[in-house]
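Participant: As a plain string of letters, each chain reads:
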Amino acid sequence: MEKPKVATTSLAGCFGCHMSLLDIDERILQLIDLVDFNKSPINDIKTFTARCAVGLIEGGCCNEENVHVLQLFREHCDILISVGDCATMGGIPAWRNTLPLKECLDEAYLNGPTVHNPSGLIPNDPELPLILNKVYPCHEVVKIDYFIPGCPPSADALWAALTALLSGKPVDLPYELLKYD
Amino acid sequence: MTDSITISIDGVEIPAETHHTILEAADKAGIYIPRLCAYPGLKPNGSCRVCTVLVNGRPQTACTTPVMKGMVIQNETPELKRLRSNLIEMLFVEGNHYCMFCEKSGNCELQGMAYRLGIKTPHFPYLEPKREIDATHPDVLIDHNRCIFCGRCIQASKTFDGKNVFQYIGRTRNKKVGVNADDGLGETDFAATDRAAQVCPVGAILKKRVGFKIPIGKRIYDRSPIGSEIEVQPKDAGSAQ
Ligand code: SF4
Ligand code: FES
Chain A
1 MEKPKVATTS
11 LAGCFGCHMS
21 LLDIDERILQ
31 LIDLVDFNKS
41 PINDIKTFTA
51 RCAVGLIEGG
61 CCNEENVHVL
71 QLFREHCDIL
81 ISVGDCATMG
91 GIPAWRNTLP
101 LKECLDEAYL
111 NGPTVHNPSG
121 LIPNDPELPL
131 ILNKVYPCHE
141 VVKIDYFIPG
151 CPPSADALWA
161 ALTALLSGKP
171 VDLPYELLKY
181 D
Chain B
182 MTDSITISID
192 GVEIPAETHH
202 TILEAADKAG
212 IYIPRLCAYP
222 GLKPNGSCRV
232 CTVLVNGRPQ
242 TACTTPVMKG
252 MVIQNETPEL
262 KRLRSNLIEM
272 LFVEGNHYCM
282 FCEKSGNCEL
292 QGMAYRLGIK
302 TPHFPYLEPK
312 REIDATHPDV
322 LIDHNRCIFC
332 GRCIQASKTF
342 DGKNVFQYIG
352 RTRNKKVGVN
362 ADDGLGETDF
372 AATDRAAQVC
382 PVGAILKKRV
392 GFKIPIGKRI
402 YDRSPIGSEI
412 EVQPKDAGSA
422 Q
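Taken in order, these protein sequences are the chains called A and B. Following this note's numbering, the numbering of the first sequence begins with 1 at its first residue and continues without gaps. Following this note's numbering, the numbering of the second sequence begins with 182 at its first residue and continues without gaps.
Hints are not guaranteed to be accurate.
Stated by the list, open to error - Below 27 Å or equal to it, Euclidean Cα-Cα: the simulated DSS-like pairs (lysine-lysine) are:
id	chain 1	residue 1	chain 2	residue 2
1	B	K311	A	K102
2	B	K357	B	K344
3	B	K339	B	K357
4	A	K143	B	K357
As the list claims (entries may be wrong) - With the Cβ distance kept under 8 Å, some of the chain B side facing chain A (calculated, not the full set):
id	residue
5	Y279
6	N288
7	F305
8	E309
9	R390
10	K394
11	P396
12	G408
13	S409
By construction, these hints were calculated from the structure, which means they are not laboratory data. Everything numeric in this text was worked out from a predicted model, so none of it was measured. Glycine included, every Cβ here is placed at the ideal spot set by N, Cα and C.
Assemble the whole structure, with the sequences as input and the hints as a guide.
Facilitator: In structure tokens:
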């Protein structure tokens, strides 16, 4: 039987959730017996080559590219899981949401105490994805099927959720594994 | 004068005294009714509504309702669990609750309640209000981002400390816990030893320089759910759905 395919991505996140996935240690051998990885930074496959059973989303949406990637994952995956606090609630990047975007950019590129920017310009190269007015949790952009909070969720939490899902059991986290920090 | 009576909670008959509230009677009998604003020794103000139970079929807050003979109370029903989860989720989206860097994480009653109820993420849009931090006091800070308006600090300052440091100011979205001075907490007679410094259920009133003292794994709600200190037969940390 063909193994179910899993895709992963990091949007506005720090890659901590992906690190936590690698933290399952030797269980990674069991995992590759259970699934094949498709588009993912773990194997550096950059484009979807097949329909995937599960998409793991790290990070929320802070720019237009994040939104496009998230929509692409929704199109290609049967089940999408928001992994980590940035995906579920915006996380630390969303801290900027109480400030106007211009104030954030001015602080980062013009006024911040450690800024060295003789041109006095705020980066605006057309190659750069446009930054959004605020940071959105993934479920405010596309439909998300499951949520695994945590910053990052522990390897055990990710393992418990993934193995439950792959064996057709309800994606429950036992009390000790449901954490927001 | 008090009389001993009997009430029933989820089908279990428990003794109660007529001067008790439902919450007090349940606590004494080892039955946990979830709550966020009630605090032992402070007059209940019924603001969070998390302790809502069905009394003879009608919703009432357990912390403010006195017991009466023969009351039939429902506490752990799927519907009440859903309503309580909704309340907790609303509290999360109404403020700015960044558990990942909050010093109170692991010891926070709001977070603990969300864990107990198995909430993975709120279903409501985040309001992301602009709120301030008052760091003017040498030993204690107020982070208004995290305040859930339980009123404990206001009451505790009056009742326990014989002071009058806090009061609500403003209305609706602009409501906040104000202090009795123009330029912040540092100008009041508030002291880190005040009981009002210890009652905040969340990380809104925090002592400075003691953050993250307790390692992860040893914090109050790391292993056992909030309320298990009251329950006679603590629910084994069951699975959250
Ligand atoms: S500061 Fe803390 S104790 Fe005071 S009302 Fe807000 S949440 Fe309650
Ligand atoms: S504990 Fe009863 S209303 Fe808050």
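Participant: Confirm or reject each hint.
Facilitator: For each hint, the structure was consulted:
For the given pair, B:K311 sits about 16 Å from A:K102 by alpha-carbon distance, which is consistent with the 27 Å threshold. Distance check on the hinted pair: B:K357 and B:K344 sit about 19 Å apart at the alpha-carbon level, within 27 Å; holds. A hinted pair counts as satisfied when its Cα atoms are at most 27 Å apart, and B:K339 with B:K357 qualifies at roughly 18 Å. For the hint pairing A:K143 with B:K357, the CA-to-CA distance comes to about 34 Å; that exceeds 27 Å, so the pair is violated.
Residue-level restraint check for B:Y279 holds (minimum Cβ-Cβ distance to chain A is 7 Å; threshold 8 Å). Interface hint at B:N288: violated, since its Cβ lies 11 Å from the closest Cβ of chain A, which is beyond the 8 Å cut-off. With a cut of 8 Å, the hint placing B:F305 at the interface with chain A is violated, because the nearest CB-to-CB distance is about 10 Å. The closest approach between the C-beta of B:E309 and any C-beta of chain A is roughly 5 Å, which is under the 8 Å cut-off, so the hint is satisfied.
At a threshold of 8 Å, the smallest CB-CB gap from B:R390 to chain A is about 20 Å, leaving the interface hint violated. The closest approach between the C-beta of B:K394 and any C-beta of chain A is roughly 15 Å, which is over the 8 Å cut-off, so the hint fails. Hint on B:P396 is violated. Least Cβ distance to chain A is approximately 13 Å, over the 8 Å limit. A hinted interface residue such as B:G408 counts as satisfied when its beta carbon comes closer than 8 Å to some beta carbon of chain A; here the least separation is about 12 Å, so the hint is violated.
Violation of the interface hint for B:S409 is found here, the shortest Cβ-Cβ separation to chain A being roughly 10 Å, above the 8 Å cut-off.
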